[in-house]
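Undergrad: Now for the letters of each chain:
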Amino acid sequence: MEIKTKDYHVNYDSETTTLLCKGSLRLSGMDEYAPIVQIFNQVADLEPSELKFNLKGLEFLNSSGINVLSKFVIKIRQKKHVSMIVQGSQQIPWQGKSLKNLKRLMPTLKLEWE
Amino acid sequence: MAQLFGNFSEEPISSEEYLILGFSPSSIPLKQRWRNNGLSADFLGDYLTTFFPATDTHSNTIDRSAEIKSAVGYIANELLENAMKFNDEASQYPISIQLQLHSDRIVFRVTNSIPSQLVEKFQAYIQNLINEDPQEMYIEQLERNAEDDSNSSSGLGLLTMINDYMALLGWKFDTVKTEPDVIAVTTMVQLTV
Numbered sequence: 001m002e003i004k005t006k007d008y009h010v011n012y013d014s015e016t017t018t019l020l021c022k023g024s025l026r027l028s029g030m031d032e033y034a035p036i037v038q039i040f041n042q043v044a045d046l047e048p049s050e051l052k053f054n055l056k057g058l059e060f061l062n063s064s065g066i067n068v069l070s071k072f073v074i075k076i077r078q079k080k081h082v083s084m085i086v087q088g089s090q091q092i093p094w095q096g097k098s099l100k101n102l103k104r105l106m107p108t109l110k111l112e113w114e
Numbered sequence: 001m002a003q004l005f006g007n008f009s010e011e012p013i014s015s016e017e018y019l020i021l022g023f024s025p026s027s028i029p030l031k032q033r034w035r036n037n038g039l040s041a042d043f044l045g046d047y048l049t050t051f052f053p054a055t056d057t058h059s060n061t062i063d064r065s066a067e068i069k070s071a072v073g074y075i076a077n078e079l080l081e082n083a084m085k086f087n088d089e090a091s092q093y094p095i096s097i098q099l100q101l102h103s104d105r106i107v108f109r110v111t112n113s114i115p116s117q118l119v120e121k122f123q124a125y126i127q128n129l130i131n132e133d134p135q136e137m138y139i140e141q142l143e144r145n146a147e148d149d150s151n152s153s154s155g156l157g158l159l160t161m162i163n164d165y166m167a168l169l170g171w172k173f174d175t176v177k178t179e180p181d182v183i184a185v186t187t188m189v190q191l192t193v
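Chains as they are written, first to last, in our numbering: chain G, 1 to 114; chain X, 1 to 193.
Just so you know, the hints here were simulated from the structure itself, not pulled from any lab data. All of these numbers come straight from a predicted model, not from anything done at the bench. Take these hints with a grain of salt, some might be off.
[Stated by the list, open to error] Listed next, the in silico DMTMM-like pairs over lysine to aspartate or glutamate satisfying Cα-Cα at most 25 angstroms (straight line):
1. G:Lys75 x G:Asp45
2. G:Lys22 x X:Asp46
3. X:Lys177 x X:Glu89
4. G:Lys75 x X:Asp149
5. G:Lys110 x X:Glu147
6. G:Lys103 x G:Glu114
7. G:Lys100 x X:Asp148
8. G:Lys103 x X:Asp149
9. X:Lys177 x X:Glu67
10. X:Lys85 x X:Asp149
11. X:Lys85 x G:Glu32
12. G:Lys79 x X:Asp148
13. G:Lys79 x X:Asp46
14. G:Lys22 x X:Glu67
Could you build the full structure based on these sequences and the hints that come with them?
TA: Structure follows, in structure tokens:
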């Protein structure tokens, strides 16, 4: 479960149960995000008991991307036995502003900052 | 007769520091020009850091310059994406983004034409944005998007500007040509710096 382009890298490591999203994501809409959404859905279906969502290297995310991340969080919220840790970077300004909204969608989500 | 919504100011350019970029939608198709949204937005963000130099390079906290670059880059990108997506292709009317730097704020004005059949729905959406609690609207939109996969647009651009960047928004609708009618919408965003 991996997509790597010159702009972004999405990968799921089943050993560490870590979903990585890094680079710059500014795709034009749900159609373009579909391959990434497919990976996210596959990860959700695996239902790891503790899922780590590593966004520490996600430098840019447009609002369509925020939508994709939020939909994924809602999906995980619906899987009652999956806990989620979102790993963010204090050095990336948009994260400090927008990641807290994920906690509003899923109050049990843990936000860790590096 | 122009129609104004929200915090829209008609004042002429009073800032001595401004940039205007213009795009001709007909020169190349939307898919090809999509990458220019990011290029333009990043350029605008980077350009403005000259006026907000980095202060303490040893600090662990993000400095003001980096915050502004990021905020400008995000807002400009969203405004351009909206302008490109909702532009009335048939009108041949150019899209423009203008940035003005004031001592306490950065003002964005993006103008694009809009198909006349979309005007009513857009104005109704704007009224909601003005009257409802944007935080509630944001969460409601996310929950709605999660249930209904059919929309290609997330409807989150303007809401994130208000909620995450505390931006003030305003809109102007104008008929800029007749026979056939071409309606232009200018979205104005004020970001405190």
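Undergrad: Does each hint hold? Answer for all of them.
TA: Okay, the hints, checked on the actual structure:
{"no.": "1", "hint": "G:Lys75 x G:Asp45", "verdict": "holds (9 angstroms)"}
{"no.": "2", "hint": "G:Lys22 x X:Asp46", "verdict": "holds (21 angstroms)"}
{"no.": "3", "hint": "X:Lys177 x X:Glu89", "verdict": "holds (14 angstroms)"}
{"no.": "4", "hint": "G:Lys75 x X:Asp149", "verdict": "holds (13 angstroms)"}
{"no.": "5", "hint": "G:Lys110 x X:Glu147", "verdict": "holds (24 angstroms)"}
{"no.": "6", "hint": "G:Lys103 x G:Glu114", "verdict": "holds (17 angstroms)"}
{"no.": "7", "hint": "G:Lys100 x X:Asp148", "verdict": "holds (23 angstroms)"}
{"no.": "8", "hint": "G:Lys103 x X:Asp149", "verdict": "holds (22 angstroms)"}
{"no.": "9", "hint": "X:Lys177 x X:Glu67", "verdict": "violated (40 angstroms)"}
{"no.": "10", "hint": "X:Lys85 x X:Asp149", "verdict": "holds (18 angstroms)"}
{"no.": "11", "hint": "X:Lys85 x G:Glu32", "verdict": "holds (14 angstroms)"}
{"no.": "12", "hint": "G:Lys79 x X:Asp148", "verdict": "holds (18 angstroms)"}
{"no.": "13", "hint": "G:Lys79 x X:Asp46", "verdict": "violated (42 angstroms)"}
{"no.": "14", "hint": "G:Lys22 x X:Glu67", "verdict": "holds (19 angstroms)"}
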